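Participant: This is what each chain is made of:
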Amino acid sequence: MTALSLSPKKAGMAALRDYGIVLSCIALFIALCFASDAFFTQTNLLNILDQWSGVGIAACGITLVLIVSGFDLSIGAIFALGGVVAAKLAMSLGVAPGLLAGCVAGLAVGGINGGLVTLGRINPFIATLATGTMVGGVSLAISAGFLVTVDKDGFDVLGRGQLLGLRYSIWMLVASLVITGLILHRSRFGRYIYAVGGNPEAARLSGIRVGLVQGTTYAVAGLTAAVAGVIAASRVSTGQADAGGFNFLFDVYSAVIVGGTSVSGGEGAIWRTAVGVLLLAMIRNGFNLLGISTVYQSILLGAIILAAVSLDVWSRARTTAS
Amino acid sequence: MPVNLRRWVFVSCVILATTAVLAACGGGSDDGASTSDSSADAPASDSKKKVRLAYVAAQANSVFKSIYDGVNEIAQKDGAVEIDRLDTGFDPTKQFSVMQDAIASGRYDGMIVVPLDAVGLVPQAEAAVAADIALVNVNSQFGDSFVTVDPQVEGQVGSVLQTIENIGTGQGELIIGACKDIDPCKVGWIAGDAKLPFEVYERKIREGLVAKHDNIELVTFLDGGAYLTEEGYKIAQDLLQAHPDVNVIATAGDQMGRGAELALKDIGRLDEIKITGEGSSKYGVKAVRDGRWYGTVTYAPLETGRVAADLAIRAARGEKLSVGVNPVEEAGFPQTFNQDNLKEFPADFAGEWDT
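So the sequences go chain by chain: C and X.
Each residue of the first sequence is one higher than the one before, counting from 1 in my numbering.
Each residue of the second sequence is one higher than the one before, counting from 1 in my numbering.
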């Protein structure tokens, strides 16, 4: 049923449900423009995109995992692994192979996660919590507790270089959004993802290879988390075993869920994730520009996230009821 | 489908294993990844009691790794000391359990701990003493006093640290020095984690000192540096947007100082704005010597580890000790390393840890 066939009130509610997060984002953008002279400047806006590119890239992968009704707690550890492997191998094998190896390591861990969840039938929370812990140990073992500093020319290009005035990290964020968006919304595989997340049994009976679809989303999530870690390592020419962690996990999931992708599976969109990342990025940027006390930052951040999600849940409930 | 999936998982495992092996072998110059080091290859002297130490700390941290290197150096020289590295991450609750298990295991004659919760871990410190374990705290203390280097738990063998008061004073002195001859001098602060008790106390000391100087204006205090260059870089970008007229970016760690330097480089203002750090890392010391930073609070993690190991080993062999040592004073270094006191440090002073 489309909005055209609904009464004006119901159509408005449906629109609020679909685009409430966009309105929240626009309202915050306007508020920050008035609150801080430094906000609406080219440099600041590009800084925001650069700073949040890693979270955005990883959020693309997690969006697929959530839509397919999965969950991945290992991405913080994979972020660190990607950076450590890239830095370590860049020193011995060269910059390009090192960067590539960092990404491949994440893809491999994601593949293992997918296998554990689908073949092993292990609860995704437990499986990815366990692999995340193991991957953290692997990063620590590879780095021996040291920071892995890279002094080879070219290693920092990915994180600090520019093309047409935009950092490569921003281009990679755009590419991630476009690619995962096309996969999700314009391909048969994307339809399978929604089908599996909505009703796995029905999907199985329809001939969809449910395990393969689920497993692939974990692999993509591993890859995107590692790409984010590789960019971060490149930016500061250092791989670090304690990078990422809970803060990265929190930011990625906050962005995806605030955007409106359902943790119950079957619903969500990449554009929603993009908006969620922007919203979170503006909140954090606003805190810093306005110098809001750290005492109140956590309270405000939690309240804003709760309000955004509550609005989403409320509007969905109203739409369903009507 | 199952066959395809199994093949795919197998390939993933092979790729990961290959990458890990390559990475572990790559680079080559670091020491091994083992969490248990031993000097067993050196012949144990019959006159020495064999000693087993536990080093209880977050292992994925450069400063704590350097402290461990100091401990290991003494153990290697001794020839009859084994060390187990027990990882606690930055989780005080986990550290409580790790200490509890280590004490219960009965394996250890000595324990060197980087306490993450000065007060909450006191019961475990007391339990270690009661179990006749030679206990030494490093980097921070067991107990509620931030102004003494002396052991605060009865029966404890040693305490090796700079007090929080020392460090807060060093931070304040760096800001005052960087602002010398600048009036007004606008300062932005980048914290590591402003909620941590030691940062709260350091802030009180630092801002108390700075308040006595009318030319200095603390224009912003930003949290979230997380002792990471990457996070320091992002926060410095925001700081520079909100306060482009800032004269000094002061940080709670050389990692964030390095991040601030990258942000200033991006906009071509490295020559205009002074940077201060904390920790006298290799990077920070070089940045000060090269004139890119004003200064950094001095740390001596290697010396910390050496002193702590010496105390723990001697006590484990029967000496009665209760010693408090400031490792920076012990090494003969001033509290800060800055543009105005370079000559007070040895020419080969280069820092002891990587940012």
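It is possible that some hints are incorrect.
Unchecked claim - Computed list of lysine-lysine pairs in DSS-like fashion (alpha-carbon distance at most 25 angstroms, straight line):
hint : chain 1 : residue 1 : chain 2 : residue 2
1    : C       : Lys152    : X       : Lys286
2    : X       : Lys180    : X       : Lys204
3    : C       : Lys152    : X       : Lys48
4    : X       : Lys186    : X       : Lys265
5    : X       : Lys94     : X       : Lys50
6    : X       : Lys320    : C       : Lys152
7    : X       : Lys320    : X       : Lys343
8    : X       : Lys286    : X       : Lys180
9    : X       : Lys320    : X       : Lys48
FYI, nobody ran anything at the bench for these hints, they're computed from the structure.
The model shown is predicted, which means the values in this text are computed figures rather than measured ones.
Participant: Each hint needs a verdict: does it hold in this structure or not?
Facilitator: Each hint tested on the structure:
no. : hint                : in the structure
1   : Lys152/C / Lys286/X : holds, 18 angstroms
2   : Lys180/X / Lys204/X : holds, 21 angstroms
3   : Lys152/C / Lys48/X  : violated, 47 angstroms
4   : Lys186/X / Lys265/X : holds, 19 angstroms
5   : Lys94/X / Lys50/X   : violated, 28 angstroms
6   : Lys320/X / Lys152/C : violated, 51 angstroms
7   : Lys320/X / Lys343/X : violated, 39 angstroms
8   : Lys286/X / Lys180/X : holds, 22 angstroms
9   : Lys320/X / Lys48/X  : holds, 17 angstroms
The structure fails hints 3, 5, 6, 7 (numbered hints given earlier, in ascending order).
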